[in-house]
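**Student:** Top line first, the protein sequences correspond to chains A and B. Okay, so the first sequence: first residue is 6 according to this note's numbering, each after it adds one. Okay, so the second sequence: first residue is 6 according to this note's numbering, each after it adds one.
Please note that a few of the clues may not be correct.
Note that the list lumps identical chains together, so a pair holds whenever it fits in one copy or between two copies.
Taking lysine-lysine and the PhoX-like style, the derived pairs with C-alpha atoms no more than 25 Å apart in a straight line are [said to hold, decoys possible]:
1. 340 with 325
2. 340 with 112
3. 226 with 380
4. 182 with 52
Think of the hints as simulated: they come from the structure by calculation, not from any bench.
Protein chains: 2
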Amino acid sequence: MNPKLELFSQGEEVVTGQTVDTNAAWLAQACVNLGFMITRQTAVGDKLEDLVTLLNEIAERSDCCICTGGLGPTSDDLTAQAVAQAFSLPLEFDPVAFEQIERFFLKRKRAMPEVNRKQAYLPKGAQRIDNEWGTAPGFTMRYNDCWFVFLPGVPSEMRQLFDSFVRDHLGKQFSLKPKQLVSLKTVGIGESDIQTAVASIKIPETVQLGFRAGVDHVETKLLFPHDYDQVLMTELIDAFAANIGDFVFSIDRPGHASGDLVNVVDRLMQVQKQKAVFIETLSQGLLSAKCVDCDWLIEGAYYSDIQQLAEDFDLALNDKDLLAVAIAEKIKHQKKVDLVLVQLHLSDRNTIRDKNIAVEISTALLTPHGMLQVKHMISGPAQRKQNQSAVLALDTLRRYLQLHQ
Amino acid sequence: MNPKLELFSQGEEVVTGQTVDTNAAWLAQACVNLGFMITRQTAVGDKLEDLVTLLNEIAERSDCCICTGGLGPTSDDLTAQAVAQAFSLPLEFDPVAFEQIERFFLKRKRAMPEVNRKQAYLPKGAQRIDNEWGTAPGFTMRYNDCWFVFLPGVPSEMRQLFDSFVRDHLGKQFSLKPKQLVSLKTVGIGESDIQTAVASIKIPETVQLGFRAGVDHVETKLLFPHDYDQVLMTELIDAFAANIGDFVFSIDRPGHASGDLVNVVDRLMQVQKQKAVFIETLSQGLLSAKCVDCDWLIEGAYYSDIQQLAEDFDLALNDKDLLAVAIAEKIKHQKKVDLVLVQLHLSDRNTIRDKNIAVEISTALLTPHGMLQVKHMISGPAQRKQNQSAVLALDTLRRYLQLHQ
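Pulled out of the complex, with its shape left as it was, chain A reads as follows (with noise of 0.2 Å):
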């Protein structure tokens, strides 16, 4: 049986719903991952009598407890005086963290403000966590048979100290057996189509299957026990991405993670040296936004009238097929760049921003292997729309550097 653990978010600004709360998902998976099981999340706001509380409910049920928030400098920042008070210990200065505070701001060249001398009283026992992404430092401490581990609730110092101390600090603590997960990335196919592309394969009851349906992706879990024979999974995995077929843009397995989409295109475009200009209407911009700081693209234009977009490069307007491969190859003479992508919505522009009406778009994407031509049936409202075009037209692009590298 894995470890218990509970998430306790601390701040008005979570409770009252001003801040979604991302610490504690963030939290929860990485601690799923590191082995523990998740019991509970609790968020609770300022109010001394409500830590208190909540400490020793979950010292009293938990194996493990992680808590985001309250160790800033101003008076609603109250976890060391709940902590002290919960479990009864004093709290004491601790000179080095007080060094600490104080070199933070020197080296930002201000004056270290009274009220964050604060910060440098911890609960006597608790041992520091070295903070030099900000001013807090956190602490951790057992108490009643469970680890408690306080950390800021700025997200990015959160993480930081997750990443630099914590992940280790608990496995020396636990003896934990972090399940393998696998994920195989799609574009381009439902969550249902996937299920009946796999229902053909045997998966032996110890794997679990998952699905997970994002914005810009789907991805297909399967999840391991910690011990599973890697030739067995190995195989699985194979026989995963063999039935979903060229959907599948990338394959995250434990310590690699491959990212987005964007993230793939970008790797591949970089290891080929190819440069890009895209041409957009149903994504309007969004496709050229969404490769921010991908130098291999040169350039992107939007056309909210595709008779205009005919006009501007002196093409007729009789097959909007034929039109997208004559201005890829018009951009191509012009621009001397290996790739151009035309997508152009084939559908009249009054039907985008009905959600029940679905618009069909033709990608064309000239290559130095020749030209690519691919149609898609696009549904939802217009934002829906102009997102699911631009990430068809990525994968359009990826599926052509997948093949060619």
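Following the hints, complete the assembly by docking chain B onto the known chain A.
**Tutor:** Okay, now just chain B, sitting in the frame of chain A:
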């Protein structure tokens, strides 16, 4: 004292962090606005025992609880069963609920799977909440002086049920005194500069001042008591608006939400019946992409290389400010549009990805009333620079439109 309300989110996907719980934050905000005091948010997985324990805990300590999730047809959807066990009530078949579920499938021309029959069983004495947007009806009931509301976990369904039924229902059960929230939304000015600008304004003790910095804009929030004098309220808001100045793009009052900057610009463009073309560099298509479904945007283009941009328009690249103006005038002449916005980054392109180097952008807006030109310094990682340049371009347009409305 406002009645105490807790939020309860059910589901393995939430407690293990596969899903960020946006329901809890949305409901918390909605219930704060209604006049509740939110004391806790708790998420648990799909274990019956955990659900029963939590329901009993909440019934002991809270006046109201909204629970999301666990109403689906599958074996891990256990809410009704947990309620029955926790509150010692039998589950009863509700023929009206069953008819609604059948009709849901009939409308979609699909046979109702047998598993969905389960969703028509509700705890004895519970009041059904009709769900036209999905198969799971919600329900509500009083137990031990606590009002419980159970809603589906699909965010769109949850929100529909809350808006169509729950808000009014809770209004009838409790004597609520909602506070009045006013929010001044700004672009182009940071939180600390706003604080300095409003420092001289005397704020009555009963009014709470707060700030919230989002990715696209900063909100300055004033929270007034339920019965605050309307004339005094308007005076205070006017003082804030005057001191912050024309960085304010909209003011939200109770019952009057203006949306984000794109919504504000979209309404102004529609009223003024103007058409626009955008030329982007640093924002890389994101400016066009933000204006999804806005018919007034007829074309957009992205250039990574300003030299190439100059060549495309047969212009010399001596002075980037003059270049932006010359491009805008050429486009206005060619395309016969009312508004042309050209935004160029004045710094070396290689500095964009260095988060420690700020870059300068110049935005030129050619209008029927002449040329507007503004400069901004933008800092942070590449993605933030991209977004900020798109937002500031859009805000340049907003300032012009508000001045000439």
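**Student:** Hints first: check each against the structure and report whether it holds.
**Tutor:** Structure-based check of all given hints:
Proximity of residue 340 to residue 325 under the C-alpha cut-off of 25 Å is found in both arrangements, the shortest distances being 22 Å within a copy and 22 Å between copies. In this homomeric assembly, residue 340 and residue 112 never come within 25 Å of each other (Cα to Cα): the closest approach is 47 Å inside a single copy and 52 Å across copies. Within a single copy, residue 226 and residue 380 get their C-alpha atoms no closer than 28 Å, and across copies no closer than 48 Å, so neither meets the 25 Å cut-off. Proximity of residue 182 to residue 52 under the C-alpha cut-off of 25 Å is restricted to the inter-copy arrangement: shortest distance 22 Å between copies versus 37 Å within a copy.
Checked against the numbered hints above, the structure violates hints 2, 3; every other hint is satisfied.
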